[in-house]
Structures are given as structure tokens and as C-alpha cells.
Amino acid sequence: MPQPQPKGAPSAGGRLARFFTTENMMLAPAMLVLASVSIFPFLYLIYASLMDFSLAIDNPTFAGFRNWLRLVKDPLIFQSWKVTIVYAVTGLGLELILGVGIALLLYAAPWGRNLFVTLWMLPIFVAPVVAGLLGWFLLNSSYGLYAWVLQQFGVHTDIFGTVATALPAVILIDVWEWTPLITLIVLSGLQSLPTEPLEAAEVDGATYWQKLRYIILPLSFRIIVVALLIRSMDIMRFIDTIFITTAGGPADSTKIIGLRLFDVAFRFMDIGFAAAIGLSMLVVTIFLGKAFIRVMYGRE
Amino acid sequence: MATVRFDKVVKSYGNQLVVKEFNLEIKDQEFIVLVGPSGCGKSTTLRMVAGLEEITGGDLYIGDIRVNDMPPKDRDIAMVFQNYALYPHMNVYENMAFGLKLRKYSASEIDKRVKEAAAILSIEHLLDRKPRQLSGGQRQRVAIGRAIVREPKVFLMDEPLSNLDAKLRVQMRAELAKLHQRLKTTTIYVTHDQTEAMTMGDRIVVMKDGIVQQVASPEELYNRPANMFVAGFIGSPSMNFVACRMQEKGNETYLVNEEGFSFLLLSPEVAARLAPYKQKALVFGIRPEDISDSLSWVAEENYLAARVDVVENLGAETLIYFSLGKETLVGRFVGGPRYRVGETVKIALNPNRYYLFDQETELSLL
Amino acid sequence: MKKKLFAILSCLVILTLVLAGCGGEKAKDTAKEPAAQGKLVDGPFKKVEGLPAIQAPEGFDWKQFAGVELNVISENTPPSSAIAANIKEFEEATGIKVNIQQMDLGTLVQKVGLDFGAGSSKYHVIYADPYQVLAKYSSKFVDLNELEKDPTLPKIPGGLEDFIQSQLEIDGYMGSKDKLYALPYDCPTMVLAYRTDVMAKIKENFLKEKGFDPTPNPNMTWEQYYQVAEYINKHAAELGVKYGTGHQAKQYDSLMCDFSNILNAYGADYFENRDLGGIGAANPGKTALTTPEAIQAFEFYNKLLKIAHPGSKSWDWNGLAEAFAAGEVAMAPEWHEFASMFENPEKSKVAGKVAWTTLPKGPKRSANIFGGTGIGINANASEKEKKAAWLFLVWATSPQTQLMILESPVGGATPSRNSVYNVASVKKAMEDPTSEEAKKMPNLTSMKATLEAWKAENAYGRPKVPQWPQIDTIVFTELSKMLAGQQDPKTTAESISKQVDALTGN
Numbered sequence: 001m002p003q004p005q006p007k008g009a010p011s012a013g014g015r016l017a018r019f020f021t022t023e024n025m026m027l028a029p030a031m032l033v034l035a036s037v038s039i040f041p042f043l044y045l046i047y048a049s050l051m052d053f054s055l056a057i058d059n060p061t062f063a064g065f066r067n068w069l070r071l072v073k074d075p076l077i078f079q080s081w082k083v084t085i086v087y088a089v090t091g092l093g094l095e096l097i098l099g100v101g102i103a104l105l106l107y108a109a110p111w112g113r114n115l116f117v118t119l120w121m122l123p124i125f126v127a128p129v130v131a132g133l134l135g136w137f138l139l140n141s142s143y144g145l146y147a148w149v150l151q152q153f154g155v156h157t158d159i160f161g162t163v164a165t166a167l168p169a170v171i172l173i174d175v176w177e178w179t180p181l182i183t184l185i186v187l188s189g190l191q192s193l194p195t196e197p198l199e200a201a202e203v204d205g206a207t208y209w210q211k212l213r214y215i216i217l218p219l220s221f222r223i224i225v226v227a228l229l230i231r232s233m234d235i236m237r238f239i240d241t242i243f244i245t246t247a248g249g250p251a252d253s254t255k256i257i258g259l260r261l262f263d264v265a266f267r268f269m270d271i272g273f274a275a276a277i278g279l280s281m282l283v284v285t286i287f288l289g290k291a292f293i294r295v296m297y298g299r300e
Numbered sequence: 001m002a003t004v005r006f007d008k009v010v011k012s013y014g015n016q017l018v019v020k021e022f023n024l025e026i027k028d029q030e031f032i033v034l035v036g037p038s039g040c041g042k043s044t045t046l047r048m049v050a051g052l053e054e055i056t057g058g059d060l061y062i063g064d065i066r067v068n069d070m071p072p073k074d075r076d077i078a079m080v081f082q083n084y085a086l087y088p089h090m091n092v093y094e095n096m097a098f099g100l101k102l103r104k105y106s107a108s109e110i111d112k113r114v115k116e117a118a119a120i121l122s123i124e125h126l127l128d129r130k131p132r133q134l135s136g137g138q139r140q141r142v143a144i145g146r147a148i149v150r151e152p153k154v155f156l157m158d159e160p161l162s163n164l165d166a167k168l169r170v171q172m173r174a175e176l177a178k179l180h181q182r183l184k185t186t187t188i189y190v191t192h193d194q195t196e197a198m199t200m201g202d203r204i205v206v207m208k209d210g211i212v213q214q215v216a217s218p219e220e221l222y223n224r225p226a227n228m229f230v231a232g233f234i235g236s237p238s239m240n241f242v243a244c245r246m247q248e249k250g251n252e253t254y255l256v257n258e259e260g261f262s263f264l265l266l267s268p269e270v271a272a273r274l275a276p277y278k279q280k281a282l283v284f285g286i287r288p289e290d291i292s293d294s295l296s297w298v299a300e301e302n303y304l305a306a307r308v309d310v311v312e313n314l315g316a317e318t319l320i321y322f323s324l325g326k327e328t329l330v331g332r333f334v335g336g337p338r339y340r341v342g343e344t345v346k347i348a349l350n351p352n353r354y355y356l357f358d359q360e361t362e363l364s365l366l
Numbered sequence: 001m002k003k004k005l006f007a008i009l010s011c012l013v014i015l016t017l018v019l020a021g022c023g024g025e026k027a028k029d030t031a032k033e034p035a036a037q038g039k040l041v042d043g044p045f046k047k048v049e050g051l052p053a054i055q056a057p058e059g060f061d062w063k064q065f066a067g068v069e070l071n072v073i074s075e076n077t078p079p080s081s082a083i084a085a086n087i088k089e090f091e092e093a094t095g096i097k098v099n100i101q102q103m104d105l106g107t108l109v110q111k112v113g114l115d116f117g118a119g120s121s122k123y124h125v126i127y128a129d130p131y132q133v134l135a136k137y138s139s140k141f142v143d144l145n146e147l148e149k150d151p152t153l154p155k156i157p158g159g160l161e162d163f164i165q166s167q168l169e170i171d172g173y174m175g176s177k178d179k180l181y182a183l184p185y186d187c188p189t190m191v192l193a194y195r196t197d198v199m200a201k202i203k204e205n206f207l208k209e210k211g212f213d214p215t216p217n218p219n220m221t222w223e224q225y226y227q228v229a230e231y232i233n234k235h236a237a238e239l240g241v242k243y244g245t246g247h248q249a250k251q252y253d254s255l256m257c258d259f260s261n262i263l264n265a266y267g268a269d270y271f272e273n274r275d276l277g278g279i280g281a282a283n284p285g286k287t288a289l290t291t292p293e294a295i296q297a298f299e300f301y302n303k304l305l306k307i308a309h310p311g312s313k314s315w316d317w318n319g320l321a322e323a324f325a326a327g328e329v330a331m332a333p334e335w336h337e338f339a340s341m342f343e344n345p346e347k348s349k350v351a352g353k354v355a356w357t358t359l360p361k362g363p364k365r366s367a368n369i370f371g372g373t374g375i376g377i378n379a380n381a382s383e384k385e386k387k388a389a390w391l392f393l394v395w396a397t398s399p400q401t402q403l404m405i406l407e408s409p410v411g412g413a414t415p416s417r418n419s420v421y422n423v424a425s426v427k428k429a430m431e432d433p434t435s436e437e438a439k440k441m442p443n444l445t446s447m448k449a450t451l452e453a454w455k456a457e458n459a460y461g462r463p464k465v466p467q468w469p470q471i472d473t474i475v476f477t478e479l480s481k482m483l484a485g486q487q488d489p490k491t492t493a494e495s496i497s498k499q500v501d502a503l504t505g506n
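Chains as they are written, first to last, in the numbering used here: chain A, 1 to 300; chain B, 1 to 366; chain C, 1 to 506.
In isolation and in its complexed conformation, chain A is listed as follows:
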């Protein structure tokens, strides 16, 4: 283990001299860029969440914590979080199971891996809007292929127009688009696994499932968590697909929090409340991220 560096080494110059060191000077442009693209907007967001823009967008008035209170009191926000949780948990769950499963299949495949991976990855390169359109075209009740197939089996419900099917449909579109990403990340993790422990396990008497359970999954645990982490942050933010297919309906059954934020910010131009919603999403995302990282490093 490396020894900690001794701190507080005696310095010849004063504070200022220490500030203008070469390394600090070299960092300065990056810090400036970071400040302008990240820190300033963030501080502005906090400011905005304390203001009321609804009467005059160019002349906001101080609102105290009213926007934050609405966040707690507004049943619509609560409803959207509920939808978000269902959407994210099922979506991520399916993506995890399918993504890891397919990665394991590909990892074990004797040939054709590259071709399959390339084909399998195509949805990732499609913009979420296009994914939404594709889903819409396929499930559309007037000319959608899948809808037609369902109709042949006597199912005449409209998939995006029915509460029971709309959310599963948008989840499946997300799964279709993003499972390959999980596959890709996990597969790259699997391919970088050392082969010897796996062979050792075989010699030690492990069946494939035991190898999977005791060696492969524990060893690729972190990379799987990383894949999930990336997706869990995206799944709350990506609203394009839902926007195109159901616009949050029917009956708000697909109105995830990101879509609600979009409404408040860009349709109602209620920037203050939108800032509060945005910040609350940020807080949730940070906690989620921290939780994932804790899980990741909690398993040494």
C-alpha cells in the first residue's frame, strides 16, 4: 500500500505565489470552461428555483420556497415519480436481464460474435426520437405491423391509447433501444476477464452455472453496475421516445418526471418550478449514483 504523502510541505512563497504555480495556471482554462458551462448554470438553476417566472418571464419575482413546496404538495409530481419508478425499475430490470444474458451468450458463442454485436447494436445509433417514431409506426393501429399481427389474433386494443399497454410499450421501446448498450458494456467486461480463474473453476469442478454464479458474475459485477448506472441516469432524462409515442398519456400513465419537467419548463414556461423539479431530479440522480458506487465498491 502506498504511503500517504506528507502534507503541508514548507513553502517558500506566500499564498499568492503558491496560487500562481505552473500547474494551477495550466488548470485555469479548464476551470474557467467548467465554471461557465457547469457551475454558473447550476447556481443560476438554484436561483431560478427561488423565483417566480410565471407572470413575466423576463422579470421574475422572489418566490421564497414556494416552488419547492409545490414539489411536495403537487399530486401530479408525485404521480410522475410513481410512473418514473415503474418505468425505470422495470425498464432497467429487463435491460439488465436481457443485456447480461445476451452478453453471456455472445461471450460463449464460438463464432459470429462480431457480426451479431454489430447488428445488435444498431438501435443504439438511432436517435431516441427515431426510436419513438419507429415504435409508433410499428404499433400504430392504422398501419402498424405489430398492431396488424395483434389484430390477426383478435386483439383490437390500441397499444399507445390504452392505459394497460402504453407504459409496457414505451418500456419495451426503451428496452429495445438500450439493452444493446448493456450488452456491449458487459460483453467488453467479460472479454477482459482473466481466463485462468475460469479454467481453474472448471478444474475445481464447477458446472457452467456454478462458474457463472461464483466467478463470472462476481468478477463482472462492477462493469454491470457501471452499465446500470449509466442507464439509470439516462432513463430519467430521455423523454423523446415517450414524447413521440404517447406524449405522457393516456391518463398520464406514461408521464415520467422528465416529461413533466418538459411541460412545466417549455410549455408552461414556469421556469422557477421547473428549476425546482430539475434540481430534485438531480438530487435523486446523485443519490442513485452514489448508491450504485457504494454497491460497486462495497463488494471488494
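Note that these hints are calculated values from the structure, not bench results.
Any given hint might turn out to be false.
[Claimed, not checked] With a Cα cut of at most 25 Å, we get these calculated DSS-like pairs of lysine-lysine: (1) C:122 to A:73; (2) B:27 to B:8; (3) A:211 to B:8; (4) A:82 to C:111; (5) A:211 to B:101.
Start from chain A and add chains B and C according to the hints.
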């Protein structure tokens, strides 16, 4: 514990033949070493025993059971890998217990065996550590521990010491030998290091390009190499080879070449046996330890005058590189350096310890 | 019977046009008075027989704003496509460079809101949706009266009177008529599209069974419409359609539009104040959605959607139009501008089989929601830009340009100018749907119905209030819940009232 029998075992990847008709019978409790340069097929052979490589042709038996199509887990073997192959997410105890756990041993039995093995390998104090907190030598002990707790029929060791530093390697070599004496488990040991092979093996299989060159005890390998490859591979520094022809001077038979090399064959039987090779190109071999400047071995007219090119002082002994015309000979002398570079000295070759090969077939003629 | 109806309708239309035209003439004369110091001269634009020319004061230099660059932001609607395709005429006449950016309405509202919020003038000419832009940001627009009165600038050809007045009110004003913020630019209106072939097939049997003609007509009631739709559902297989009626009932703005027709036909409206549909107001006052008429409307809409094509709940107006064009439904309340799509054989299986009429009547009347928009000028723009933008407005809303849009193969929107409907070819096209003129201007197939729909007794304007985007969302979300069977009509009405009153502070 068991015997292992290779019956015309073949391994090929597509058109590429990696192991060619490997025949070998390993006796129970034997410690056999597969040795050869990298790419000679020794590791592949070992992995075929482990079940990690499919066998292309022939039959492989462990005990009396043909294991060609048996998965590794059913072969009751244990393997030690070059890079230790410890499970990085398990601690030492779990690493060693893993195979037993899979075989559904009781917790108390597992505990007993792991503790025993740890005691044998003196790693009791490391049981709670993760592999990355261990040194190379400690990891190697864990890897060995993991193999021995299983009490398998056969130990397979794939260059287990090659990642250790020289000192540790020598130490572990001795420990492995001791361990084998204690456990008496049939062991197949793969290495590219002839010293390891010579010091550890009951018998040694020398391989080259997928072909077995010779299977013999260390002594025999050293004294009676079957061909030029084995002769050159075993021993350090390697045997000196000199291309030559036979020449008869009166009753005596000499081996000579244009570079001024000349060697008198003392034994008439040898000379007689070589009669068919009178016109053929031969290779004369002599080990560095059989070159001497004490000159007591031969008559004065059979001295060779050689120029000293390089002197390597190893402390207890000195290696001297001589040139004889265009030929180079290396000699090993006890004690410190005694010549200066550039000097021409008289040396003698041990008339009773030489080797002779057919240049065409490279096979030994003695 | 049908023929007779047609004749009566045609007479009515022409009468309206003549009346409107006359009124316009009269008013124009008086309006010209204050600016009559100088003589007006025709500008360098194409002239059309029978349309008032684009004129400017004598000596006006049309090129004085040459080099100015105007950014026009518009919804991606047919008129903007047509204008973009023909912008050369304006650019050559004035030397002004025009960049037309088209996008969906949501994005437009977003961009305009941010432009106003930043106090900048990234966009000089703005497509001012009355409900989502104008109601909220009217103070950010230039008062066009000032420019119209300016003796140094060109006049609106034909004057404000040539615009269809109900549209001018909705598109142009906010809260009062003191200031004019935008000029009518496009004018989609919801009317009823139906399949003539389907109606012909069912007519005889239906008449026998139910005692009235199933062909939609201005006197049909919503209850009758329901019966026709139900009847078609029953005989769908033999009729070659899947359902009798289709609706734009996605949880979206379209759902509110579709519902508003029925709400108002039943004699109800969103607010107690019934005058919000025209010039609008900053505060709408209390809602009026729990009146017996309103509840009836909710109940009927809920009932109607139960027998509608199940796809209705996932369609906005485009989805509905595609379904209608694909022959899925026999009748649909739809925006009249889709007429050109329905008549385009490349996009439609039902070309030549579509007819239009005003929406069915409720107990009170037929209500046809208006969805037109005006264009206005960003008050943050520089003086020079404002004046250049004025030239653009004058040209883009002029009768000639409106006629060009009507005829344009990329456009096809209908004019917001009375005078255009007096042009011989337009008249001919409306008279005779099989004429060459009608083929050239397919939008006119829906025009007779639309002109009917624009009459005061049939027109409906939704409340024009600054909080409309939120109200709209509350309305269509709760309606969507009702259609999904999560709440009954009464609860829906109460829930909307509660939320909207809380929002507006009433």
C-alpha cells in the same frame, strides 16, 4: 492417485498440428516433467489432461478411465496455473475451499483440509486476505494449496514458478519437491526451464514442435541424449557442437574439420560402429565441463590450440569462450579466471565424455 | 335531397361572401381617411384581378431596407412552406433577406418564450399562436396599428376589413382592441369529414331503420351522429371501413380541441365568462364546467369515444388524418386543412370519396373550434427591423400571397381573406368539386363547410387567457383519464374545475 496414459494423443487446430502422436505412460506417484521451448506443445498436452483442450485424436486415460470426452470437473485432477489463477474476489480461505464446496464437502471437512494445507504451505496467517494483498510467492502457495486440498488423482502444474524471481523460484522448487515426497500424488509438471526439469522430475519428457524427443530420467537425459536437440537443451551452458568428418591415420581414427579441429577416438568399438559413417557429415558434441586445460586427458599431440575470446567470471566457476578457426567452444572451469582475452591456450577435450551425431538425422550415434 | 342541400349551402356561402365583401369595402373607405395625405401607389408585386393591390405612399422606396435580415419563426404549416417556396418575390422587391424557420408548435412556443425571456430579438417575425404565444406574451409584440397608421409605410392591402373578422379578433388582439398584435395568417378549423361512398351504401337501410338520412349535414345532431357511427360499426365488414367514427383523443392538445366542439355544442363553455373566445382576457374568472349542460357534454363525449376507433386514444390530428386517409374510419371531426391530403391519391386511399360539413349540432348549436394563427413583430427588434418586418407582414398576409398559398403545391392552406373567395377560379372550385380549379386547390373541397363554420353562430374560439397552456394540459389529461375509464364524466368535470380554478386563483 492414479496413472496417466497417453495413447497416440494428437492435437491440432485446423491444419496446424500442435501435438503429434503423444505416447506416454505415467506411473502412479510419479513426478513427470514436460519440458521444451515455448510452442513445443507441452502446455497443450497438459491442458488436454486437464480437459481444457479438446483431444483431436488418440486416447487419454487417467487410471483406467478414458477421459477424452469427460469434462474437467469429473476428471478429479487439480491444476496450478502459471498466473496462479486465484479467484480475485475471494479470500485465501475461500479460494482454497471453493473446489471442496462445489463437491459438497461438509463445512468441518473443508475447514480441516484447508487448515491442513495452509499449515503445510505456511500460509495460515494469510487465510483472510484477498489475492491482491499477497506477494507473488504467497499467491503461488495459495494456488498450490487450492490444488492439494482437493486430494486429486493427478496434479497438473503449468509453469507454476515462471512468474517468481530467481531466488524464490529455487526455494519453491525445493518445496514442491518436498511436497511431492510427502503427498506422493502423480504430478505432471510443465516448464521451459531445463534446470527445473532436471531437479524435479522423476522422468522428463523433452518436446519440440509437438513431437516427443526423449523420455528419460534426468541422468539418462544428461548422459545419453537421444538427439542433438535434447543434447543442446539439457545442460547449461549448452553442449558445444562441432561439424566434422572421420579421418583415419594409420590405425587411429580421428574426427577433424578444416578449422583445425581434431579429436582422437580412443575406443576401437566406437570406431568400428562408425564405419558406415565414413563418408558422412557428423557433428561432434562436448559439454563445457568436459573441456579442460589440465591436459592430463590426452597426449600432447592431441591438444587443441584455441584463442580466448570472452571470459565470464561466475565466482565459483568461470566460463571461457574459445575460438578454433571459425568454431566457437565454451568451457567451464572451476575457480576464477586464469586467461586474458586474446591469449592462445592449449585445451583438451575429455576423450571419454563426448557425443556424436549424424548431421543429417541429428540422432545420436553412440 | 342531398343536391338540394348543396344548393342551399352554396347560396349561403356566396351570400356571406358578398356581405363580407361589401362590409369590407365600406369600412376600407373610412379607414383610409387618416392616411390619405398622400396618394397610394401599387408596389412591385404581382397583381391579381379582383384583389386589392399592395400599395405604399407615393415615392416609397421599397428597397430602403435592403440588406436587413429577417428571421421568421413559424410552425411547420402549409402556408409557411408555400411562403418559403415563393419568398423570392418578396426578397427581390425589397432586398430584405428572409430566413424562415419551421418547427412543431411545441418547439416554437419554447423558442419564442426563451427569446422573449432573454429580452432579445432572435426572431423578428413570430407565428403568434393566440393561446400559447399571444395570450401570454402580447406585451412583447409591436402594436401593428402604429405601423398601419404610419404615413411613410405601405398599407395593409384591402385594409383590416378584408380579413375574416372573427379570425382577426382571435389572432390579432389580446384583452382589448386597443392594440393589434398580429395579422391572420392561417386558419385551420375543425369540421366534419366523412366518406360519401360509405354513406351511399348505408343510406337506404339506415333511413328505413332509423328514420333519418345518415349522411352528415349541418342539421345532424351529435346523438344522430352517434347512431350513424354505431350503425357503421355494426356493418363495418361489408362497408370496407373499420369504425364509424375516429377522433384525435390522444392525451394532447388535440383532445381538448375535439372535446371543445361538443362542450360548446351542448351550450357549455370552460368559464362563466363566455367572451373569452375572441379578444381574450388576462384573468378568465371562474370555471363553468359543472353546469348540467357541461356534464351532459362530458357524458356524451365519453359515450361517443367508447364506440370510436380504439386508435383514437393514441391519435393526434395527424394520426387521425392518416387513419382517415387509410380508410379506417367513415367519419371524423378533423381540421379542414387536411382536405388536400385526403384528395392526394399518393397519401390517401379515399381520394374523391370525401365530403365535408360543419360539425353536428348539440342541444344548443354546432360549434366548430378555430385553430388559426396570426403573425406579429417582436417588440425587441430594432426600428429598422420592425419596419422591414412590417413589409413582410403586409406581403405575407396580402390577398395575393394568400391566393398563392392556396394554389401552391407545397402549401394548400386556405386564405384568411374575404376577397380571395371572390376570385373567379376560387369560386369555381368551390362550386364544382370536379373542376380543374378544384383539383388545383384541393383544400377547397372542405371550404364550404369551413366558411359555414366561421359564421358567428357556428364558430367556437377556446378561451384566450395567459394560463391556457396549463389549462389545456389539465383538460386533456383529465379527459384522457375519463376515456381510460379511470373516472366518470362528473368527476372529470369537477377535477378540471378544481385544478383550473386553483391555477387561475378563482
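Against the structure, the hints:
{"no.": "1", "hint": "C:122 to A:73", "result": "37 Å, violated"}
{"no.": "2", "hint": "B:27 to B:8", "result": "17 Å, holds"}
{"no.": "3", "hint": "A:211 to B:8", "result": "32 Å, violated"}
{"no.": "4", "hint": "A:82 to C:111", "result": "30 Å, violated"}
{"no.": "5", "hint": "A:211 to B:101", "result": "13 Å, holds"}
In the structure shown, a violation is registered for the earlier hints numbered 1, 3, 4, in ascending order.
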